[in-house]
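Undergrad: The chain contents come next:
There are 2 protein chains.
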Amino acid sequence: MARLKEDSKHKTNSSIVMTSRIRLARNIAGRRFANAATREALEEVFDSCAKVLSGLRKFRDGELYRINDLSEFDRTMLFEDRSISKELLEGGAGRGVYVSKDGSASAMINEEDHLRIQVISKGQNLPAIWRSINALDDAVEKSIEYAYSPEYGYLTACPTNVGTGIRVSLMMHLPALVFSNQMEKVIRGVNQIGMVVRGANGEGSESHGAVFQISNQQTLGMSEDEIIKRITKYGKLISQFETNARLKMLEDKPVFLHDKFARAAAILKSCKLIDTAEALTYLSHLRLAADMGLMDGGAEFIGELDALMTTVLPSHLQLEEGVYDASPEMRDTLRAQLLNERAAKFPALKLNRR
Amino acid sequence: MARLKEDSKHKTNSSIVMTSRIRLARNIAGRRFANAATREALEEVFDSCAKVLSGLRKFRDGELYRINDLSEFDRTMLFEDRSISKELLEGGAGRGVYVSKDGSASAMINEEDHLRIQVISKGQNLPAIWRSINALDDAVEKSIEYAYSPEYGYLTACPTNVGTGIRVSLMMHLPALVFSNQMEKVIRGVNQIGMVVRGANGEGSESHGAVFQISNQQTLGMSEDEIIKRITKYGKLISQFETNARLKMLEDKPVFLHDKFARAAAILKSCKLIDTAEALTYLSHLRLAADMGLMDGGAEFIGELDALMTTVLPSHLQLEEGVYDASPEMRDTLRAQLLNERAAKFPALKLNRR
Chain A
13 MARLKEDSKH KTNSSIVMTS RIRLARNIAG RRFANAATRE ALEEVFDSCA
63 KVLSGLRKFR DGELYRINDL SEFDRTMLFE DRSISKELLE GGAGRGVYVS
113 KDGSASAMIN EEDHLRIQVI SKGQNLPAIW RSINALDDAV EKSIEYAYSP
163 EYGYLTACPT NVGTGIRVSL MMHLPALVFS NQMEKVIRGV NQIGMVVRGA
213 NGEGSESHGA VFQISNQQTL GMSEDEIIKR ITKYGKLISQ FETNARLKML
263 EDKPVFLHDK FARAAAILKS CKLIDTAEAL TYLSHLRLAA DMGLMDGGAE
313 FIGELDALMT TVLPSHLQLE EGVYDASPEM RDTLRAQLLN ERAAKFPALK
363 LNRR
Chain B
13 MARLKEDSKH KTNSSIVMTS RIRLARNIAG RRFANAATRE ALEEVFDSCA
63 KVLSGLRKFR DGELYRINDL SEFDRTMLFE DRSISKELLE GGAGRGVYVS
113 KDGSASAMIN EEDHLRIQVI SKGQNLPAIW RSINALDDAV EKSIEYAYSP
163 EYGYLTACPT NVGTGIRVSL MMHLPALVFS NQMEKVIRGV NQIGMVVRGA
213 NGEGSESHGA VFQISNQQTL GMSEDEIIKR ITKYGKLISQ FETNARLKML
263 EDKPVFLHDK FARAAAILKS CKLIDTAEAL TYLSHLRLAA DMGLMDGGAE
313 FIGELDALMT TVLPSHLQLE EGVYDASPEM RDTLRAQLLN ERAAKFPALK
363 LNRR
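Those protein sequences? They're chains A and B, same order as listed. Mind the numbering: the first sequence is residues 13 to 366 in the working numbering, read in order. Mind the numbering: the second sequence is residues 13 to 366 in the working numbering, read in order.
Heads up, a few of these hints could be off.
Identical chains share a label here; the pair holds if one copy fits it or two copies do between them.
As the list claims (entries may be wrong) - Cross-link-like lysine-lysine pairs, in silico, DSBU-like; alpha carbons within 35 Å at most:
#1 Lys98 <-> Lys260
#2 Lys197 <-> Lys154
#3 Lys281 <-> Lys260
#4 Lys197 <-> Lys357
#5 Lys63 <-> Lys281
#6 Lys113 <-> Lys70
#7 Lys362 <-> Lys70
If you're looking for bench data, these hints aren't it; they were derived computationally from the structure.
Whole structure, please, built from the sequences with the hints as guidance.
TA: Listed below in structure tokens is the structure:
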């Protein structure tokens with residue numbers, strides 16, 4: 013399989029790209045797709061995939077989960093970690109996931125396809141991710157014959173994935189484009205060139221905290237290399253739009269921005285109840301402030317905010333607080349307490365020193 | 013004219029009733045109503061009313077304004093002080109207002125009627141206001157013959173005011189009824205008994221900061237005494253509903269209330285831009301906290317909040333800050349600065365000592 017040439021000029025230090033991800037959709041030759049298979053057939057696929065994955069170096073000391081054996085809480089943890097999709101979250105016989113020890117790689121079994129392998133990394137790191145997932149894919153292929161057509165490429169349960177079976181995505185933080193009402197324009201533009209913008213949790217999900225996932229729509233008729241290059245290129249372009257929007261807002265409406273930042277810090281410090289969406293919104297505002305140099309702490313503080321954007325999600329929050337059966341209202345209280353404590357230690361805003 | 017018996021048990025110390033007001037609609041016998049008069053006739057009415065008013069003790073050292081001589085800024089000041097109505101704010105030849113030195117009494121000339129005399133006072137103080145306005149009315153009547161029909165009573169430009177020409181109103185702070193979605197029910201109930209609930213600025217105005225004006229609809233077929241007694245009675249009843257709603261919320265959803273209070277204090281301290289409606293909302297939340305004993309400072313602090321609820325209005329704000337031509341956005345900045353300074357000195361919230 014063609015290797016993507018390492019292209020260090022595509023790697024950027026900007027924190028606008030929060031994470032990069034590649035996933036491959038694969039099916040076993042000679043077996044029915046998961047949506048048409050009997051329960052026994054699903055179990056056989058599960059067992060053979062699990063066996064192969066357990067032998068791979070990437071999954072050494074990882075965890076294999078049968079989704080139906082997991083509590084609602086544990087499933088939601090995996091979903092919030094982005095190790096499983098919304099579809100797998102809902103359960104089903106013969107379905108599960110292998111998660112690597114560090115959480116950076118996972119392989120869903122019998123989701124839409126027999127295997128959906130993904131690798132995630134912080135920042136814009138697509139070349140390294142491609143090397144890693146390509147190696148994983150090659151390793152699996154040594155033991156499993158994939159459903160493959162010389163004419164079409166990899167065969168998948170849904171026609172949209174046929175060909176390379178690849179989805180390359182960048183999770184991007186675009187608050188200034190949201191503030192300046194430019195996201196709709198960006199989404200339209202991206203759609204026109206065969207890519208797609210979604211909320212942080214993939215298809216059908218809403219964007220919270222101005223986090224958007226940019227990924228390829230097309231999997232057929234382009235090589236993996238070309239798809240990655242395209243996403244890289246348009247990711248850079250959107251980052252540039254976001255940067256321009258930030259500079260323009262700081263120039264044209266500094267008080268509007270300062271107001272957003274000051275309120276976000278004050279509310280996170282003071283609220284007594286806060287739901288997930290609102291918490292993500294204010295963390296997003298402070299992430300923008302930090303990224304614009306209006307809060308000290310640099311990359312480390314941005315990393316803390318990114319971690320908090322996961323910690324405030326329902327299951328992670330309960331794990332953090334040691335409470336596993338909290339009602340939504342109780343969670344809103346716990347979330348407020350957690351954020352009050354953390355926000356009290358955030359670096360001060362530097363709003364009057366332009 | 014019948015005097016309302018002083019009824020001290022109707023006077024309450026609760027700060028739920030913010031102000032009481034009575035206004036009388038009067039017209040000069042033998043003259044066309046203002047809406048049908050020539051400009052010359054309006055000027056004659058203006059001059060004769062102004063002359064009579066200037067001789068009254070209540071208006072000694074007061075100010076007479078011809079509305080068309082005033083700047084937009086000055087008109088708005090009078091409107092924000094509730095000395096003139098929205099209709100008079102819009103100007104017009106031969107129209108104006110006499111305002112007493114302490115601002116508690118005013119008499120609009122050639123608004124809808126030739127004369128609209130009003131007296132305002134803090135708290136539930138209708139008996140004293142009635143004595144005061146009744147004396148004013150009697151004094152005017154010594155020099156002006158009112159349009160009066162033995163069958164109908166005082167004749168007015170709009171049929172809804174014929175009879176007593178009286179409007180008795182209580183400005184009430186009802187945040188717990190708003191929080192618990194009970195205001196619609198209260199408004200329906202009040203309408204059924206011939207009274208009306210409006211926003212703070214009268215007919216057609218919205219309620220900001222959970223401030224509502226409860227007043228009589230009916231002016232015909234009831235004596236002034238009866239109307240005042242009714243408003244007093246239903247004012248007490250609505251105060252009781254509000255008090256019950258407060259106790260119930262504190263019992264059932266203390267964290268919901270604490271969250272509102274903590275956010276209000278934090279935002280007033282930290283915001284960099286804030287419009288009038290939002291400022292009134294947060295001041296209203298803190299007024300509730302203070303009234304529920306969750307902020308120290310007692311009646312004095314509530315008085316400070318009430319004053320601030322006027323100071324944040326566009327013209328008062330500009331007077332306070334010494335800027336008279338601020339754009340709406342500039343005003344939002346000035347308002348934030350003013351509130352940041354004041355809120356920094358507010359008493360602390362006592363949220364964890366129930």
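Undergrad: If a hint holds in the structure, say so; if it does not, say that too.
TA: Outcome of the hint check:
Taking the shortest Cα distances, Lys98 and Lys260 never come within 35 Å of each other, neither inside one copy (37 Å) nor across copies (40 Å). Taking identical chains as interchangeable, the C-alpha atoms of Lys197 and Lys154 are never at most 35 Å apart, the minima being 45 Å within one chain and 72 Å between chains. Taking identical chains as interchangeable, the C-alpha atoms of Lys281 and Lys260 lie at most 35 Å apart whether they share a chain (29 Å) or sit on different chains (27 Å). With identical chains, the CA atoms of Lys197 and Lys357 are never at most 35 Å apart, being 37 Å at best within one copy and 45 Å at best between copies.
In this homomeric assembly, Lys63 and Lys281 never come within 35 Å of each other (Cα to Cα): the closest approach is 48 Å inside a single copy and 60 Å across copies. Taking CA atoms no more than 35 Å apart as the test, Lys113 paired with Lys70 passes inside one copy only; the shortest distance there is 8 Å, against 84 Å between copies. With identical chains, the CA atoms of Lys362 and Lys70 are never at most 35 Å apart, being 43 Å at best within one copy and 54 Å at best between copies.
The structure does not agree with the numbered hints 1, 2, 4, 5 and 7 stated previously, though it agrees with the rest.
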